[in-house]
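Between the sequences and the hints, there should be enough to build the whole structure, so can you do that?
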Amino acid sequence: MTDLMQWPLPAILATLLVPVLVLIVVVLFVALRRASAARREVEIVAREDKEASIRKFRRLEHDLHFLVDFFRVFARLLGEMHAERQVRMIPHALLRAIVEIFGPEVATVLVRRGSPSGSPEELPRLSVAALHSTRGPLRKGMEFQFGEGQAGVVAERQQVMVRKDFEEDLVASYQRSQVTAEPEYDIIAPMVAGGETLGVLAISRPDRHHDSERDVLEMIARVGALTWKNVQAYRDKEVEAEVDKLTRIFNKGALLRRLGLALHEARQTGVKTSIFMFDLDNFKVYNDTNGHLAGDRLLTQLAQLVKETVRADDVFGRFGGEEFLLVMPNRNSAQALTVAGTIRKRIEEYPFEGGETQPLGRVTISGGVACFPDDAAEQVELMQAADNALYKAKDDGRNQVRRAEESGLNPIETQ
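Residue numbering for the sequence shown follows the working numbering, beginning at 8 and increasing consecutively.
Accuracy of the hints is not assured; some may be wrong.
In silico DSBU-like pairs for lysine-lysine, Cα to Cα no more than 30 angstroms straight-line [stated by the list, open to error]:
(1) Lys399 - Lys279
(2) Lys252 - Lys236
(3) Lys259 - Lys399
(4) Lys314 - Lys291
(5) Lys279 - Lys259
(6) Lys236 - Lys279
(7) Lys314 - Lys401
(8) Lys63 - Lys171
(9) Lys236 - Lys147
(10) Lys401 - Lys291
(11) Lys401 - Lys352
(12) Lys291 - Lys259
(13) Lys259 - Lys314
(14) Lys291 - Lys352
(15) Lys352 - Lys279
(16) Lys399 - Lys314
(17) Lys244 - Lys259
(18) Lys399 - Lys352
(19) Lys314 - Lys244
(20) Lys401 - Lys252
(21) Lys352 - Lys259
(22) Lys314 - Lys236
(23) Lys171 - Lys147
(24) Lys291 - Lys236
(25) Lys252 - Lys352
(26) Lys171 - Lys252
(27) Lys147 - Lys279
(28) Lys291 - Lys399
(29) Lys236 - Lys259
(30) Lys259 - Lys401
(31) Lys352 - Lys314
Note that these hints are calculated values from the structure, not bench results.
Below is the structure:
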């Protein structure tokens, strides 16, 4: 104690303060390290929060752009569908929309076809009607049966399916494996209206995604199906308005319109167009002998017989009563006369009910052929020329065909 008291005061203070200072330095060092670590953690969290915020913002921006594009394209699609009057154009409009919205590697629009044999027992088929593809063997016109492949499964089940659905459903997975030409679709939506599958929309590897992409494709498919149904109904009404109620061939109004169109095209292209006007010989006698119901059956059978004889691009219809008209685009007078002769012979040889009671012992026709522009330059004149030739055939004994130039009633003046 005496020794300590003999130490100078500074030495005593130094001896006491050094450990304290060391302790303070250690505590400060630890505190600073902890503060630095905490700051780094705060910076990391802040950076992660910032990156998360940026990712979230970019995701929201992507979703917004997707939805803006969807509403823009969808509004345009609705306008196109509202104005559409041709079924064959609907798949192409739908394809443009889904390609613009999703940006897929493959986009396919398949439409329903009847069974190849027409039998109701056979499953219908799907045909590729419109296709956008950067790879793969899929081609326009390829057909798949309902229940086969991914599109066939969706068509049969009438429900939207995604890639995961096929991976988890063993039956669907097996059915998918039956078609190798299909790509692995990400989303497939059926076009259903009135309980009937009219087609399928499918996309593979879309460049643009959205949480509602499944619903978006389904919405487009519904619009396509409803438009398809409406256009078909509209066309059915149009066809019904142009069809003769008894014979189910074109009526007079439809014949005149189509003849006018054929002559307009003939003027533009310089080709010839011929017509064959004919009527049943002694039809009043047939009706009086066999009854009007038998007469109606005769007209119906005759119409079907002629339809089976002419080309697909010929226009055939009932002009009125027992009179018929056949419009033959791209046929000259000689060619039309050959066709008319074939029709006359088929009718003469066909075993119509009650034909033996007719004055000629069978059902027969008389007709006249006229050609544009050889026999007439205008529609009315052309029909008059054919009608004159028809009456010439009757005057010559019936059951025959005459050309307009043979009637002597409508010569074309040489310019």
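Evaluation of the provided hints:
Proximity of Lys399 to Lys279 is assessed by CA-CA distance (about 23 angstroms); at most 30 angstroms being required, the pair is judged to hold. For the proposed pair Lys252 and Lys236, the alpha carbon gap of about 24 angstroms is at most 30 angstroms, so the pair holds. At roughly 23 angstroms between alpha-carbon atoms, Lys259 and Lys399 fall within 30 angstroms of each other, so this suggested pair holds. With a CA separation close to 24 angstroms, the supplied pair Lys314 and Lys291 stays within the 30 angstroms bound.
For the hint pairing Lys279 with Lys259, the CA-to-CA distance comes to about 22 angstroms; that is within 30 angstroms, so the pair holds. Proposed proximity of Lys236 and Lys279 is contradicted: the alpha carbons are some 38 angstroms apart, above 30 angstroms. A C-alpha spacing of about 24 angstroms is found between Lys314 and Lys401, which places the hinted pair at or below 30 angstroms, so the restraint holds. A distance of roughly 26 angstroms separates the Cα atoms of Lys63 and Lys171; the hinted pair therefore holds under the 30 angstroms criterion.
A hinted pair counts as satisfied when its Cα atoms are at most 30 angstroms apart, and Lys236 with Lys147 qualifies at roughly 23 angstroms. Between the alpha carbons of Lys401 and Lys291 the distance comes to roughly 15 angstroms, so the proposed pair stays at or under 30 angstroms and holds. With a CA separation close to 16 angstroms, the supplied pair Lys401 and Lys352 stays within the 30 angstroms bound. With a C-alpha separation of about 21 angstroms, the suggested pairing of Lys291 with Lys259 holds against the 30 angstroms cut-off.
A distance of roughly 16 angstroms separates the Cα atoms of Lys259 and Lys314; the hinted pair therefore holds under the 30 angstroms criterion. Taken as a hint, the Lys291 and Lys352 pair is honoured in the structure, with Cα atoms around 21 angstroms apart against an allowance of 30 angstroms. Using a Cα cut-off of 30 angstroms, the hinted pair Lys352 and Lys279 holds, with the two alpha carbons roughly 25 angstroms apart. Our distance criterion of 30 angstroms between C-alpha atoms is met by Lys399 and Lys314, whose separation comes to about 25 angstroms.
In summary, the hint linking Lys244 to Lys259 is supported, as the alpha carbons are separated by about 17 angstroms, within the 30 angstroms threshold. In summary, the hint linking Lys399 to Lys352 is supported, as the alpha carbons are separated by about 18 angstroms, within the 30 angstroms threshold. For the proposed pair Lys314 and Lys244, the alpha carbon gap of about 21 angstroms is at most 30 angstroms, so the pair holds. Annotation: proposed proximity of Lys401 to Lys252 holds, straight-line Cα distance about 28 angstroms (limit 30 angstroms).
Distance restraint check for Lys352 and Lys259: the Cα-Cα separation of roughly 25 angstroms lies within the 30 angstroms cut-off, and the hinted pair is therefore satisfied. The hinted pair formed by Lys314 and Lys236 meets the criterion: a straight-line CA distance of about 28 angstroms does not exceed 30 angstroms. For the hint linking Lys171 to Lys147, the alpha-carbon distance of about 26 angstroms falls within 30 angstroms, and the restraint holds. Proximity of Lys291 to Lys236 is assessed by CA-CA distance (about 44 angstroms); at most 30 angstroms being required, the pair is judged violated.
The straight-line distance between the Cα atoms of Lys252 and Lys352 is roughly 26 angstroms, inside the 30 angstroms bound, and the hint therefore holds. The straight-line distance between the Cα atoms of Lys171 and Lys252 is roughly 53 angstroms, outside the 30 angstroms bound, and the hint therefore fails. A hinted pair counts as satisfied when its Cα atoms are at most 30 angstroms apart, and Lys147 with Lys279 does not qualify at roughly 35 angstroms. The straight-line distance between the Cα atoms of Lys291 and Lys399 is roughly 20 angstroms, inside the 30 angstroms bound, and the hint therefore holds.
Pair hint Lys236 plus Lys259 holds up; C-alpha atoms about 28 angstroms apart against a cutoff of 30 angstroms. Annotation: proposed proximity of Lys259 to Lys401 holds, straight-line Cα distance about 22 angstroms (limit 30 angstroms). At roughly 14 angstroms between alpha-carbon atoms, Lys352 and Lys314 fall within 30 angstroms of each other, so this suggested pair holds.
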